[in-house]
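Given only the sequences and the hints, what does the whole structure look like? Please build it.
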Amino acid sequence: MTADKHPEDDIHVDLKNRGFAALLAWLVPGLGHMYQGRMSKGLAIFVSISFLFVVGLQMGGGKVVYCSFTGDDLRWQFVGQAFIGSAAVPAVIQNRVRRSDEKPLFGGRFAPPASKSERTDWLRDYHAYYDIGTLYTLIAGVLNMFAIFDAYGGPAYWYEEYRKEESDGKGGQDA
Amino acid sequence: MMNWLSALLLFGAGPDAISGWEQILYLIPLVVCSSLVYGATRHEDWSIIAKESLKLAAWLLFFTGCVFVVVLLFSFFN
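Sequence order for the protein chains is H and A.
For the record, in the first sequence the residue sitting at position 108 is 108 according to this note's numbering, with numbers rising by one throughout.
For the record, in the second sequence the residue sitting at position 72 is 72 according to this note's numbering, with numbers rising by one throughout.
No wet-lab data here; the hints were simulated from the structure.
You may find that some hints are simply not true.
Unchecked claim - A short, non-exhaustive set of chain A residues, derived as facing chain H with CB atoms under 10 Å:
#1 Ser34
#2 Ala40
#3 Thr41
#4 Trp46
#5 Ile49
#6 Val69
#7 Val71
Every residue gets a Cβ at the ideal spot worked out from N, C-alpha and C, and that includes glycine.
In structure tokens:
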């Protein structure tokens, strides 16, 4: 039984150092792909994810991405947002600074609110756009998770093709 | 306080001035970017990426449309 030839079968992608590529993809969306020479794909990923992230961040006045896992403010959305490393790292630093009662760095960007009332002020000022901004940045982070996997292991269809070949009984090279 | 870019993104008005219908417009960039990135992470050839992205965008719009209709129906009984 022969599987039909896939139009992408002839495309060879050199993933280079895939761990390093995944790290770059985590730090800046699309950078890992550019390192692997997949420039157009890297650029598309960079533009799409950065657009969503920056627009979302601005819609919420720059206050929608922060790290806080206290009983008062359990920011679960940060788990998704953290897949964009260039935002996650300063957010984690800001959280540590805030918890040690010091003045936040970077002009307060990515810093958790100092109190419940400050967060209430943010919600009042930005209304529904605080939620839309949170959603945009969360989706941007989750999309970057896919991009990190792609930088590490290549396009997902390869794996499907591999499984199809396995089920057709022609995938075991050393059998 | 809103900065200038936030104000621009909110069509120059305060958040309270935007109606629920206008908020739906914010779905468009979300669908475009999501389908493009998802398609790009599954394929390598741009013609296939474009085809898959269009398919996914249509599916996302259909799915969110269904959710919208269900929520709208519930709102009538609220």
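Hint by hint, here is what the structure shows:
1. A distance limit of 10 Å between C-beta atoms decides the matter here; for Ser34 of chain A the minimum to chain H is near 6 Å, and the interface restraint holds.
2. Interface hint status for Ala40 of chain A: upheld, as the beta-carbon distance to the closest one in chain H is roughly 5 Å, under 10 Å.
3. Given the 10 Å rule on beta carbons, the hint for Thr41 of chain A holds: about 4 Å separates it from the nearest Cβ of chain H.
4. For Trp46 of chain A, the suggested interface contact is upheld, since its CB lies about 7 Å from the closest CB of chain H, less than 10 Å.
5. The restraint placing Ile49 of chain A at the interface with chain H holds, with a minimum CB-CB distance near 8 Å, inside the 10 Å limit.
6. Interface restraint check: Val69 of chain A against chain H, minimum CB-CB distance 20 Å, threshold 10 Å, status violated.
7. A least Cβ separation of about 15 Å between Val71 of chain A and chain H goes past the 10 Å threshold, and the interface hint is therefore violated.
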